[in-house]
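Number of protein chains: 2
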Amino acid sequence: MSQLHLLSPRGFRAAGVHAGIKTSGAPDVGLLVCDVVASAAAAFTTNQVVAAPVKVGREIIAAGRLRGVVVNSGNANACTGRQGERDARRMCALAAEAVGAGAREFLPSSTGIIGHMLPMDRIERGIALAAQGLGDSSEHAAAFAGAIMTTDTRRKEAAVAFNLGKARVVLAGVCKGSGMIGPRMAVPHATMLAYLTTDARVEAAVLRKVLSQAVQCTFNAVTVDNHASTNDTVCVMASGLSGARIDSPRALRALASAMHEVCASLAYQIAADGEGATKVVVITVKGARSDADARLMARAIADSPLVKCAMHGNDPNWGRIVSAAGLTSARFDPDRAVLRLQGAKVFARGRPLPFDRRAVSAALAAREVSVELACGLGTGAATVWTCDLSKDYVTINAEYHT
Amino acid sequence: MSQLHLLSPRGFRAAGVHAGIKTSGAPDVGLLVCDVVASAAAAFTTNQVVAAPVKVGREIIAAGRLRGVVVNSGNANACTGRQGERDARRMCALAAEAVGAGAREFLPSSTGIIGHMLPMDRIERGIALAAQGLGDSSEHAAAFAGAIMTTDTRRKEAAVAFNLGKARVVLAGVCKGSGMIGPRMAVPHATMLAYLTTDARVEAAVLRKVLSQAVQCTFNAVTVDNHASTNDTVCVMASGLSGARIDSPRALRALASAMHEVCASLAYQIAADGEGATKVVVITVKGARSDADARLMARAIADSPLVKCAMHGNDPNWGRIVSAAGLTSARFDPDRAVLRLQGAKVFARGRPLPFDRRAVSAALAAREVSVELACGLGTGAATVWTCDLSKDYVTINAEYHT
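Protein chains in written order, with my numbering: chain A, 50 to 451; chain B, 50 to 451.
Simulated from the structure, these hints should not be mistaken for lab results. Note that the coordinates shown come from a computational prediction; the quantities given were computed from them, not determined experimentally. There could be a bad hint or two in this list.
When the alpha-carbon atoms are kept at most 20 Å apart in a straight line, the in silico DMTMM-like pairs for lysine to aspartate or glutamate are as follows [claimed, not checked]:
id	chain 1	residue 1	chain 2	residue 2
1	B	K104	A	D382
2	A	K394	A	D384
3	A	K440	A	E417
4	A	K258	A	E173
5	A	K104	B	D405
6	B	K440	A	D441
7	A	K394	A	E417
8	A	K394	A	D405
9	A	K104	B	D384
10	B	K335	B	D384
11	B	K215	B	D296
12	A	K394	A	E421
13	A	K440	B	D170
14	A	K215	A	D296
15	B	K335	B	E421
16	A	K394	A	D382
17	B	K71	B	E417
18	B	K440	A	E421
19	A	K335	A	E448
20	B	K71	B	D84
21	B	K394	B	E417
22	A	K440	B	E448
23	B	K104	A	E310
24	B	K394	B	D405
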């Protein structure tokens, strides 16, 4: 598994370069290209404020096919009016021209500061440079994954392989996301940038359905700061070059399972790399009246700054968790609830339980912390991944200047 | 105005003492007593997890009359089961006995850590001590205001006087609240402890209505961390001893206006003393489709950690504000919106405006900062008060140990 990467599926090449958009000198333009016309699907933010590349991307993806994606970091091209849309289209045209594709066969993405016009001269130079450097090695995959990062501290990559008949299929992905992470709507959408590749042969409509289902329980279940961005995009391209067709229920299940596995791994990596995070907090709510109710409560717990600070301080201050569960429109009755922190039962049926505070606090000092709330009201369940809230979050976001 | 205080309305006495509930030695038991049976009204949290004193208080206030309130800080008496309810009733009985009232004429409140049984021996000693020390001076008012504080750094007091016919009426109040502040429901409720006194002569039903209206645009418009507590209580008592009756539309308007003024002042003081706060952020949304829409957007802006961190860093990073407005179910169209920071127009109709970043950043360094979003969609308006998010918030809440 470890040797698989974004470019392991047959037919894909990528590059990541520094074009001078970021003053830091870090890579900021990425190209991901398919040698053939890939069937494709994407999900976008449901924020009413959408960035220019999302507006353009929604149009382009309607055809269900792509030759590639072109991405810049360091500038979100959001709240930039008509000029922003022209710039996003120009990014596509430049990328397409560089690799001999049609301008409407590229999906554009941008991430970074809102409200600044794209420096198109640098974008243009970056795309040309990236097109010259395309390749299919793991280094090329890493370079692309690096070029889409903003406040991320590490690259986020995942891949799985599975067999369909005699063919071996790979599904892989990269993503970025660290702050402004907080999907909240039930419809499929995402909260960061993620690009998936596969060499399965699959129709765009099927790809769209499989992606939607995977996004719901993975990218839509991550929150860092409950602030869905203007630019969120998940895009999957299928080259078909493995020869393996998704033409049976069994094949569809295999694809869906791989899609879920890759998306879940990427989403978890986003929580783990949340701005200022020192740990992942896995919040599971079960026994709710419905899955939707469970999601509402899990999100309320995950988005409470008081809970996140307690987790940062390794403090088994469970009153904050129980009271957060009571905040939403979902039915919650503390007299039927049981709460466990790292497996230790701390609250049951309306009353505190005696527990070893020192031991539970020590257990909360782990890299991954489990919060499990059983509601005793039904069979609804949901899991949400978040991170703790540290002083570094404040430093990063008070000093990420316009 | 400056000499008016909680005990200026005729008929009220108070005390605040240290009973040893807080290990810090700070005052932690307060008594507020009316010499006569006061008509009374209260509003409580709508969190489904309610503390024992709120359960008991809801029953007691139904009669519409009170002789006083008994409060402890340092322990919330929440998630404490049947024993917690017995303890809350016992607090009332002890207070009533000490001043010669009925046990069902006292409203109990508690604030502090969730999930610990009240130390009833200390509570009992504290109530006895407070009853011995009752008085009607400004020092007594200050002692009561101090005894209800938790992470508050300063007392919160407000009072106004107005004339009704020949009588002079005073309406005054104190409150506490610094963290776990975030009402989110449309029904009247509050997110902290607040106690109001007046010597107007007013029926409980009228008092309830006037209080509900005032709470909606004042206490319900404050958020520190969007986490409504289990213990939130606002209670008003009217002694009637001014002789001034609320028996005309004009008198009712005068009372409602005084109530709004006192509640607004107290609510603002909560935002200003939010945990770790260095400034108040006043968020006004206007031109929305409805007041409810405006409230949703103002709250989304106020509760975004990204916006709060930008405000802390004096950073005119307006993209975070506009994108937060787009997150809710309220209709928002960036192409019609205009955003002003401290009066400076920074975004209009989908596009960034040139502005002097250094000057706006300097203006954001004030103790009070104004964020004004005009939506261009209708006449709905709302104002929400919040504070910035600093490292001190994290310190306070990662180290406020169970």
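> Are there hints from earlier that the structure breaks, and if so, what are their numbers?
Replying inline: Violated hints: 4, 5, 13, 17, 18, 19, 20, 23; rest satisfied.
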